[in-house]
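For the record, the sequence lines run as chains A and B.
In terms of our numbering, the first sequence is numbered consecutively and its last residue is 817.
In terms of our numbering, the second sequence is numbered consecutively and its last residue is 1125.
Bear in mind the hints are in silico, worked out from the structure with no lab data behind them.
Any given hint could be a false lead.
[Stated by the list, open to error] The list that follows gives simulated cross-link-like pairs (lysine-lysine, BS3-like), each with its CA atoms no further than 25 Å apart:
{"no.": "1", "chain 1": "A", "residue 1": "147", "chain 2": "A", "residue 2": "69"}
{"no.": "2", "chain 1": "A", "residue 1": "363", "chain 2": "A", "residue 2": "503"}
{"no.": "3", "chain 1": "A", "residue 1": "724", "chain 2": "B", "residue 2": "1077"}
{"no.": "4", "chain 1": "B", "residue 1": "1077", "chain 2": "A", "residue 2": "147"}
{"no.": "5", "chain 1": "A", "residue 1": "682", "chain 2": "A", "residue 2": "702"}
{"no.": "6", "chain 1": "A", "residue 1": "69", "chain 2": "A", "residue 2": "520"}
{"no.": "7", "chain 1": "A", "residue 1": "294", "chain 2": "A", "residue 2": "611"}
{"no.": "8", "chain 1": "A", "residue 1": "450", "chain 2": "A", "residue 2": "520"}
{"no.": "9", "chain 1": "B", "residue 1": "1077", "chain 2": "A", "residue 2": "30"}
{"no.": "10", "chain 1": "A", "residue 1": "599", "chain 2": "A", "residue 2": "572"}
{"no.": "11", "chain 1": "A", "residue 1": "716", "chain 2": "A", "residue 2": "572"}
{"no.": "12", "chain 1": "B", "residue 1": "1077", "chain 2": "A", "residue 2": "716"}
What follows is the residue order along each chain.
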Amino acid sequence: MKNVFRYFVSVVGLVATLTTCWILDGIQFKGMPLAFGRVLDPFHGFWQNMEGPNIAWDDEELLDGLTGKVTVRYDSLRIAHIFAENDHDLYFAQGFVTARDRLFQMEFQTHAAAGRLSEIIDDPRVLAIDRARRRTGMVYAAEQSIKAMNADPVSKAMTEAYSDGVNAYINSLSYAELPMEYKLLSYRPEPWSPFKSALLLKFMAWDLTGSSDDFYATNAAAGLGSLDYERLFPDLALATQNSPIAPRGTVWDSATVKVQAPDSFSPAGVAPALMYPEPDPMNGSNNWVVAGSKTASGHPILCNDPHLGLRLPSIWYEIQLSTPSHNVYGVSLPGSPAVIIGFNQDISWGVTNASRDVLDWYKINFEDASRKTYRHDGQWLPTQERVEVIKRRFGPDLNDTIIFTQHGPVVYDRSYSDPDSAGPINIAMRWAGHDSTNEVKTFYLLNRAKNHDEYRAAISIYACPGQNFVFASSAGDIAITQQGRFPVKWTHQGQFVMDGSNKLHLWQAYIPASQNPYAKNPERGFLFSTNQHATDTTYPYHIYGSYDYTRNLRVSDALEGMRGIKVEDMFKLQNDNYNEFAAWALPTLLTSLQGDRLKPNAQQATAVLAKWNYMNDHDQTAPSLWQAWVMRLYAIIWEDDMLRVAHKTKSPNLFNTVYWLADSAGLAEVDDSRTPQRETIKDVATRALNEAVAELDSFSQKEQVPYTWQNYNDLKVLHLTRQKAFSFYRIPVGGGAGIVNANRNNNGASWRMVVEMGSEPNAYGVFPGGQSGNPGSYYYNRSLSDWAAGRYHKLLFLKNAQQESAALQFTQTLQSR
Amino acid sequence: MRFGIQLLIVFAVGLVLAYLLPWWSIALAGGVAGFLMHGHRGRSFLAGFLGAMLLWTGAALVMSFATGSALPDMFAKLLPFPLNGIGLAFVSGVIGGIVAGLAAFTGDAMRTAVEKPVSLNNRKR
């Protein structure tokens, strides 16, 4: 009897032990993988991901696939300076080194692009995003792109070498060495491939061209009538005051390519509201270049600060890439070979978004429910069908059938339409990103370019997303080109949802690269872009897009007035918090206030605003007051008028609104059509300020902080998973929308670079994060505070693998076994 | 004394196995200690628990201080109750402790079960 009991106890103990181990090894709880044993074990779990300032890797790493010896030197910011004997080894090493710091980010971003996040995080919201990615044809876009990449031996070789390098790292990983996100979410990295590089570049293209007003415009035109629509949504509003990218007075040849417009055109009626994950329309950037005639040293200075979603791991990865035949330094995108923004011994370049409309929508009429044919140019043309399988981590697969017409994927159809729309409606998408183009080749060539002509040749093949490539050379040339593959459009083409059956509504031809907006060595001694209009109205092609109204004025005024420029002056301009918009609008609005109707706290606010120097500094309250006030004013003015539009839409542009308000002719819409009395600018400005101050007071009360710009603007840098624990909030940095230092919400200067092109490049840079993607690393957010304070790091441009520098901390040799 | 030796066995075997096997090797360490120094299941459990906790919490704290990493504090924020990185080291230790404790209990019970007759002076309940 006793023996039986002993056995029984043993069995109970064994079962309890194994069950505990099984549970702690990983279970699913409400769609969340939990693996407490694995994750919390200090010898394998997340504790292994802690890294101090010292680099603790082996001096030598043996990697199959290298043809020669690669030397990687790490500086005090853990920036890798790679010296390889040939291109293959260079990009292999770039893949390896980048993956070592950023593997989770590389895979997560490309999973996001491919609509595969549900394989990692099984959540209805994630599934909706995945489905939208599939329906907007992101995988199709990457398939088209890889065709073009593989057709070119150079881009094929570089993406394959990069991929092999990433895989060399992935294959070397034990569980303990996995990035901590894999441990937390309990999954393993899959092999990398050149296709993933294509996905990443399409993801970036989407980020910069995927925002679309077409649906809103269609609904607004239908609701307001064409007269009011034209008045309230003017095509080139205020453009006459702007300073365009190609300076005013640039002489253009007449258009060499012409397209036929239909005899008549009217917007196609009610459209569904947007359901896809629309990128931040504030994605933009600044770049400028000043000629030697304006600088203290006599050498050109080039500057660039791309404004993108601020994330951790940082969107950029700083790197130096060198072979015996070239040597380049700059920032790369984890997942793509080569340097994207940077400089070499002879030239430097930077990019901003062209903000041209290369995303259009077409209403499709299918012949019948089988959707095998659709109407086009008087015929029934065949469609293609593609079944997307979205795998879910814990749930059953979701199969989604997507019909393709010659326009592109029919994003909206009977299985995917908005509850706000009148009924199922078939709308196809035409996006430049779906074309078979090879962007990575441009960067390969730019990395090696030695002069202006080689810069022009390198970018001439570049298609999407359209960018303003600014350029400077040590030979003294400066230039800017708005480069991309832009369709030739007739007026209003692609501004609204178009007719898919009319062949004249298709993109008929592209503007030749030689006729893209371009300027070189202007007399004024500087060139710049801030996502503003590319040209004045004499440009021979119709341009439509969403443009900057204020930064261009500030930058052109500043550069115009500067002489004897030093790099420090450029630091100051990149970090400039001057609120151009407030400076011209605030005085008028202040005089419109009816003092006797202001509440006491609003009266105090008036005093603060009257004393304001228009600087959106982080420790001031005036920027918060201005922002809250003008946004309240904007909402009050349009809330009644836009009721005429039955479906989702956007109000007219904020800058236009305030411009019209201040204009002597006034704006009829100031009146609230729902009240018997007639409101004037005095009424709405007063009411808006009272409400804005009340809003700020309640903000302060709720958040228990003063409404300084830092707190109210709440600039944040979020981890890719949006986990608060790995993110940073309320960064003490100034700026805002429409300001040169364009930091707001979760968007801002993702990289600041200043390069003086003397006999040796004199370069500086900083980004809001760090080289390591590991939240446990000292280098995860190493530069965030420097960035916020406007400090720069001198970029260490090594001439060769042997050069000594006090800033170097570690050297590693990579070679084949 | 027996308790101390048992605890040390868990700590030492656990440390060695950690370099060879996944996280559950701490269970083997507990099991071995329970089996070798059997006689009192409750004591074995406690020795397994404390030996593993000492190892896991100790290792976590040593590595934390050596690197100065913010990661433990970040991870602690993921939990539904307020905790800091040092607290998380103790939570980790408790997890390892439970596993090793149960395994030590089982090792002890198994040895007792296979080894019959049982000498009475080893069974002080």
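Hint check:
With a C-alpha separation of about 31 Å, the suggested pairing of residue 147 of chain A with residue 69 of chain A is violated against the 25 Å cut-off. Under the criterion of a C-alpha separation no larger than 25 Å, the hint pairing residue 363 of chain A with residue 503 of chain A is consistent with the structure, at around 12 Å. Distance check on the hinted pair: residue 724 of chain A and residue 1077 of chain B sit about 8 Å apart at the alpha-carbon level, within 25 Å; holds. For the proposed pair residue 1077 of chain B and residue 147 of chain A, the alpha carbon gap of about 45 Å is over 25 Å, so the pair is violated.
Taking the CA atoms of residue 682 of chain A and residue 702 of chain A, the gap is about 30 Å. The hint is violated against a cut of 25 Å. With a C-alpha separation of about 41 Å, the suggested pairing of residue 69 of chain A with residue 520 of chain A is violated against the 25 Å cut-off. The straight-line distance between the Cα atoms of residue 294 of chain A and residue 611 of chain A is roughly 34 Å, outside the 25 Å bound, and the hint therefore fails. Annotation: proposed proximity of residue 450 of chain A to residue 520 of chain A holds, straight-line Cα distance about 16 Å (limit 25 Å).
Distance hint between residue 1077 of chain B and residue 30 of chain A is fulfilled; the C-alpha atoms sit about 19 Å from each other, no more than 25 Å. Distance restraint check for residue 599 of chain A and residue 572 of chain A: the Cα-Cα separation of roughly 38 Å exceeds the 25 Å cut-off, and the hinted pair is therefore not satisfied. Between residue 716 of chain A and residue 572 of chain A the CA atoms are separated by roughly 22 Å; this keeps the pair inside 25 Å, and the hint holds. Proximity of residue 1077 of chain B to residue 716 of chain A is assessed by CA-CA distance (about 18 Å); at most 25 Å being required, the pair is judged to hold.
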